[in-house]
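Visitor: Residues per chain, in single letters:
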Amino acid sequence: MSDLGTNFREDFTEAPHLKKGVSKFNIAATIAIPLIAILFQVYVPRFFERLSYLELPLLVTVYLSLMRRSPVAGVLYGAGIGLAQDSLSHNPLGMFGIVKTLVGYFAASMSQRFDVQNPWVRLVLSFFFFFFHQFFYWVLVRALLGEALEFDLSTTLVVAALNAVVAIPLFHILDRLKVVD
Amino acid sequence: MEFLLNRYRNLTVLLVVILAQLVLLAYQVKSNGEVRLIRVWAVSAVTPLARVIEAGRSGTVHFFRDYFILLNVREENQRIKADLDRTKMENQFLRTELSTADRAKSLAIFQQQSPSKTIAAHVIGNTTGVGAKVVIVDRGTSSGVQKGMAVITPDGIVGKVTGAYPTASYVLLITDPSFAAGVISQKNRVHGTLKGQGYSTVIVDYVQNEQQVQPGEMFYTSGDDRIFPKGLPVGEVTVVRNGKSYKEIFVTPSGLQNGLEEVLIVVEGVHMAIPEAPLPSQPVHLQDAPPAETSSTEAAPAQPGGLTTDADRLVDHYRRIGEAEKHVYGQSAGGAPNYNIHLDPNAATPSPVASPAPSAASAAPVTPPKPATKNP
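If you're matching them up, the sequences are chains C and R in order. When we follow my numbering, the leftmost residue of the first sequence carries the number 2, and every step to the right adds one. When we follow my numbering, the leftmost residue of the second sequence carries the number 52, and every step to the right adds one.
Everything labelled a hint here was simulated from the structure, so no lab data went into it. Model, not experiment: these values are computed from the prediction. Don't take every hint at face value.
[Stated by the list, open to error] Restraint ranges, calculated between C-beta atoms of paired labels, are given here:
1) C/A149 / R/L73: 56 to 62 angstroms
2) C/A162 / R/E327: 49 to 55 angstroms
3) C/K25 / R/R125: 54 to 60 angstroms
4) C/L154 / R/N293: 41 to 47 angstroms
From the three backbone atoms N, C-alpha and C, an ideal C-beta is built for every residue, glycine too.
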């Protein structure tokens, strides 16, 4: 049992390379990746309606925050992507911004404790952060805007699982854009 | 203080960023306004790109569509040249042309016929957000579009403008959960409120359980919401069931059935009458009544007020039995008369009604009816 616990910590939490494994991207990639994710959400669901359930801006926020391992960077990534998303939505500015700011912060904080290169960790974190994002957005809409938005738990769980599945190959592709590791 | 900020640097940055966004939100909610400049920048930045992508997509689609149409026409020409004459070939070509007519043409025809003043727009993108039911159209304030205008297609209503910018506008679709509009049923003029649900069907709420709405019935805009002119088609009822206090009415929107590429924005709406519901069934052809049988009617003297039905003949038969037996129905003591006596079928009846035909009289039922039901 103790071996299992030790192995788990070594595999997922306290791997020796964690502290030094800070990934960096060049400035063009840092701007282009979120922009493409937002444009994907703006344009592609017009032709493939089911793809509107993909939250690529969120997945990109999670990825960049996990890779940078810096809560401050996570906050800035989240706020920037969220506000850009807000500016193209019909919601007041700041709704997605606040939610994604929190996602970025917590994702970067968790990246200091987990091996974020592990696909299973990425899957679980993507699932968790999608659910957190949807739930907190629902709370904000009800609390700040006073709108009676419904929260469909089963649908959210299914969509979170789908987004988590999409996150694995997406993160793998984005790994190729890293310049420093 | 400086020590605390350094020690909790991450948390401090998080709180500052969130606080700034909360202030931004509070400003927008409090002033009921929006940060227009940022949105104008964002929409203006995205719109040209979306236009280019859309132009590339539609160009590619039209190229391939035209190519295959031309390919079909060429093959068809060869077959027709072998089999049929030139007229038939031209006819086929025209039919093909008709079948591939652009949707924009039908939109333009509807636009001319509609009493409301509308402008045509092209859907160029969606807004962000999971499952968002808001689309971006390529007409904005420079074309006269304003927030709150209705958006329709020839088939029905589509949504309403929720944001108008110089080159583009946001259109909230009727399937969005935050959408609502006043509607009225075609048959019984039942008023209700149309609401989106986030997927393809919409519901009509606030219709009492006692009110009559049937599946297959059409709903039209009522004009109560001051957004949609009265009389625009909304959709067809697919499911109706009683709820706790209101009916649960599910409607398939007619305006979204054929995809969403071109739409009309109603700049000046004109209320129209709700069309009458079609008849529930087709008219049924009734054949003329058959002519009277000459063999039996010629034997009987033609008198005014003749016996026309079996019931008349039966009443006459029993009346004659009563007269022959000197029995007054309902008054004579001693029970019923003898219904089995033989009456002369050719005997003239004292009453003004005609005597029954021999065949009819002999075929009359012999079972005595109950005295209480007799009517002399």
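Visitor: Looking back at the hints listed earlier, which ones does the structure fail to meet?
Guide: 1 and 4
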